[in-house]
Structure formats: C-alpha cells, structure tokens
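A.B. asks: First to last, the protein sequences are chains A and B.
At position 249 of the first sequence (counting the first as 1) the number is 249 in this note's numbering, and the numbers step up by one without a gap.
At position 34 of the second sequence (counting the first as 1) the number is 34 in this note's numbering, and the numbers step up by one without a gap.
Be a bit skeptical, because a hint or two may be false.
A pair counts as met if it fits within one copy or between any two copies, since identical chains are not told apart.
[Unchecked claim] Result set (EDC-like, lysine to aspartate or glutamate): computed pairs, CA atoms no more than 16 Å apart in a straight line:
(1) Lys17 with Asp114
(2) Lys2 with Glu103
(3) Lys286 with Glu103
(4) Lys2 with Asp99
(5) Lys258 with Asp179
(6) Lys143 with Asp24
(7) Lys286 with Glu193
(8) Lys2 with Asp129
(9) Lys17 with Asp282
(10) Lys283 with Asp24
(11) Lys25 with Glu297
(12) Lys17 with Glu103
(13) Lys160 with Glu279
(14) Lys2 with Glu101
(15) Lys25 with Glu279
(16) Lys160 with Asp278
(17) Lys258 with Asp310
(18) Lys192 with Asp179
Read the hints as simulated data drawn from the structure, not as lab findings.
Number of protein chains: 2
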Amino acid sequence: MKVTELGEAGLIDLLAKTIGAPADKNLIISIGDDTAAWHGDNGIQLATVDSLVQNVHFTLGNARWEDLGWKALAVNLSDIAAMGGTPRYALVALALLRDTEVEQAVSLYRGMQDLAQQHNVNIIGGDTDCAPFMMISVTVLGKATGKHLLTRSSAQPGDKIAVTGSLGGAAGGLRLLADYINITPEHAAILKESFWRPQPRVAEGQLLVRCGVKTAMDISDGLASDLGHICRSSGVSARVEVARVPVNPAVQANFGDKAREMALAGGEDYELLFTAGDEIMDKVRKALPCPVTVIGEITAGSPGEVNLLDETNRPVVLPRSGWHHFEGK
Amino acid sequence: MKVTELGEAGLIDLLAKTIGAPADKNLIISIGDDTAAWHGDNGIQLATVDSLVQNVHFTLGNARWEDLGWKALAVNLSDIAAMGGTPRYALVALALLRDTEVEQAVSLYRGMQDLAQQHNVNIIGGDTDCAPFMMISVTVLGKATGKHLLTRSSAQPGDKIAVTGSLGGAAGGLRLLADYINITPEHAAILKESFWRPQPRVAEGQLLVRCGVKTAMDISDGLASDLGHICRSSGVSARVEVARVPVNPAVQANFGDKAREMALAGGEDYELLFTAGDEIMDKVRKALPCPVTVIGEITAGSPGEVNLLDETNRPVVLPRSGWHHFEGK
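Here chain A stands alone, though its shape is the one from the complex (with noise of 0.2 Å):
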C-alpha cells in the first residue's frame, strides 16, 4: 500500500506502534498531540518539529523569503502556543537549492529572527545542506507555563466549542498568491500577512492555562478537520453553529459564497480552538486580549464526529475537510 493511501493520519498511528510504548516513565505526551512534553528537573519541557517543503507548503515564485523564515518558526511556535506552553530555543534543519543567493538566505533568517525575538526565543542550532529542492524543518523546544497543559484529548460532552480570532484569511492569501483577484490592496494585504506571517498565539494560550482550559490545539489543517483530531482524541463528538463562525472580514468582503468554505476547511490560520465549560468561557473572554467566539458544542455522540449544521439545523458538507498531505488538497 502507498503511504498516499493511508492517508497522514493512518500513517502516524502505524509509525507510532512501530516505535512501541515509551520505555521512559517521565514522558507525559510522545507522538500525536501538538507537541512532545516530559517531566523536566524542574517543570514540564515541550519539544516539537515541524517542516515547509518547497511546491507542498510554498513556491519560490511568490515567497518572500523573509516571510518564508518567519512562517517556517511561525508554525512551531503555534504547536507550543497550543499546549499553554512558552517557547524557549528553535533549531533549523534548512535544504536549499544550489543556486541560492547567499542575501536570500540571510533574508530568511532575518524573518525568523524577527519573529524570535518578539517571543524571547533563541535559534540555537541548525543545519544546512545544499538540496534539489527546498525544505525548512524547525524544532522548537520550550516549557509549560502553568501546571498542567493544554491537550487534545480531555474534551468532555457539555464543553463548548471556542475559537481565537478570526478564520480563513490564510486561505485567501493563498488564493490571492495562485489567482487574479479584484480586491482592494488593503484587503490584498491582510490576507498576504495572514499566509505569509500568522502570528502564533503565544500569550493566549498561556492565558488559557491559567484561566483553567485543559483541551486545546492550533487549526492548521483547517477548522472542521482539527476538530475531529480533538474529537477523535477525546472520544467525543461536536456540534458546530457555522453562521457562528468567525470569518476573516478582508475573506468575507471578497469571496462571497467561498467565504464559510475558506473559514472551515482553509487551514493554515494558527488561531487557538478550545474547549471548556461556561464558566471558565467567561473567564476566558475577560482574560484574552483578542476576541473569543463560542461555535458550538462537545457532545456525547459517535467519536470523532464533527457535525457542521447552518441556521436551519440542517447538516453543512465541505467539499473537502482540512489539508491532507498525503492525498493533495
């Protein structure tokens, strides 16, 4: 069978049973949650790795390569964001081609180190190899917070479902990247900068740990998809009001009917879902510095269901949910 067929999250699982059960008793997560965490000397250390590969997450004809630094580090701060956690250190594993200007590497650095120092995180290693195509793998390591961590796997039935922020302007960048588009360059911008440089939720999750959330993760495939992982993970099943859903104003104006699609399904938006119950939802608005929007509801049903209903209460299907890498978009 090719890795095609089984799909990414089909080969994970069966990658994860070939390595067996962790022999080492003060590892707290290993292989399936945003990031790796085990009992330190003196806390919670977080590590996870996460990777760019030239013609899969980005083509040279319309990257800048800053912003190509500052994604590539973008994306692992995230994973870390997602567990409540404070990033620390980040090492680079870079491929480039053989003709690559030596300025358009520097430029890529100097978007990551943009992006590092607003989080206080150190590049302290890395590798480069010359390539017949371009990859940029970053691991970040870091520590938790608070005393527990956000995971993808303590939803419970009755927890509602929020979201950080706004969705689907990375999807629109995108487009904007592939597609003539009439928009209006503030529009072009805002969703350029949504592709190109998602601000990871760093803070917020932290705040999130300590305003009592326990369930989170990063929409990075895509709204819809990522909330089957918390569902499947959690042994639960949602319910999600779509006209509830936070849609990118700059999406909204220009996509019309494409726009709740772009929402739910884009993927790429590095905004924080979350589960938890009304009372520390409260909290949560109050304590977060950008909006919180409640999109519906954790339910007992069968688990691993994510079930999108409109105005009507009528099911919403997606043509296609989340970004599978391993069967194109």
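Starting from the structure of chain A, add chain B where the hints point.
C.D. replies: Relative to the frame of chain A, chain B by itself:
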C-alpha cells in the same frame, strides 16, 4: 553571490551573525559546535539537528530503508557523543515521495528504533509530509554526562591528537554502492555496514569526559577537514603523521593507493577525533573499549592550519579534503 560560492562554513557564520549574539544567559554553546548546550534547571542540556537528503546523502536506488532510518538517527547521536553527552529524546521530520510504500516508511522507523533502543533514546515526535524529494531531519535532545562538555575550541599546543576506531570504511562502502569492485563478500559487508550503520561512540564520548578530555568532535566531513574545524575554533594548528592514521582493514585490503586518502578525507565514519595531554591520553587508552590511536600533535602555528606529513616528513597533499555540501565532493 550564490550560497555555493560562499561555501557552507561561510554561510553558517553569516547566518549566525544574522541572528546576533544570543540573549539567553543560560546558553553555553549556540551555533558552531556539534550541539547547542544550555544550563537547564539541574544540569547542562544538549540539542542537535541533522538531515539526510535524497541524491545528496543517499539515493533511493541503493538504500535499504531500515539502514536509512538507522543512519538518520546515528549521525545525530554522534553529535551528542562528540560533546560527551547522553542522548535522551528524538524528533523526526520526514519528507516522503508520494509513491512511498507504507512498508518502506515502517522499515525506516524500525531501523531508527533499533538504534534508539540501544541507546535508551525515545522517539517522541515528528512531522510527516509528502514532497518532491525525500528528506529525513532528526533532532536529538540530550544532557551532559559529566561536569564539562567536549568542545571544538579548547585544543592547546602540545596536546596529542587521537581518533577512536579506524577510518575510511564509510568511504569504502560508498564506493562499493557506486561501482563494481572485486571484493570478498565479508569485506563488502563490513564496508556497507560502515556506511549505512555507523555506531555512534556515545559511551566513548562519556568516558572521554571522565578521563578529563576537553576537546573533541565527531568525524563527519573527513579527518583532515574536521581537524581543521578544531584548529580554527581553538586558534591553533595541527601536525598529523599520516602513516599513523588507522585505516579500516577492509579498505586497506581493497583500495590500494587510494586507502590512505579515503581514511584522511572520506568522511561519515562518525569516529571521535579528540586532543589531550599525554597523561590524560594514557588514561583514555586504558578506559575506552575501542582502539585509540594517537596520530599527531596540536602546534602553535597559524590558526586553522592542518599539516599532513608522510614518513619522511614531507607534506601530503589531498586532492580535496572533506565533504563540502555547497561545492559537491
């Protein structure tokens, strides 16, 4: 200027400058040694990342998938060994071709897990993408075993220079994969094993620390080239008596005049190269379970200079010393 014109070492220097001096006061070693190192809550922590790239480090035509997994982890464990550390956790970023068989991906992980278990390392996370080329980046986290680390920057004039094991085996294995060579099956097996399944010298690195050695690195680029790294970092030069360099017996038996060059410049042997005074060197010879060979001496000549001398004290000139990713071999 292209990155190929600047060269790998120049590029790494420039990228380190782009990042600037690290702000974190806990950092001991940032970019430029085998691993990064920092003061953790209760000891020194280590982290390193290294990649294998298709058509650069391996071709799919001749790789066994289990070997690929083994080697991808081995080169990273070797970096931890070169600091005298204990490896603990590994994270794996994997870019696979779309038509990869699931069984191949599982074999790759099986090979990685074989080596991980030998060293009590837990594979705790990763990232898997489909890509136009195959690449495996592994990050390994570890901790210092003793009170100090083995670095590249502490060699002193008068230190003896030594290596563990023998050299040239990996170069022999690589030659065997590329060309038809008339060789016994036993020798062929030894050389292929040297190339595909290097055994990182983790226990040996820890013993070097205990014996009081301060300066070491692992031989990945080739003896002459890697000794140059130590000399540049330490501001010293080196004199190597080429006749004393231990050549892999299977290389000696099959590659005639080329054997010496393969041992000096072949690379990828992942033996430890270290320097120390006579007294410590005596301790090392007794403590290490593998052969230890003194091959020369650190001198106070011009920083970074490596002088290779034959039996009559005449300079030995290598056609090309070491592996240069940005220039081809």
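A.B. asks: Against the earlier hints, flag every one the structure doesn't satisfy and list their numbers going up.
C.D. replies: 3, 7, 9, 10, 11 and 15
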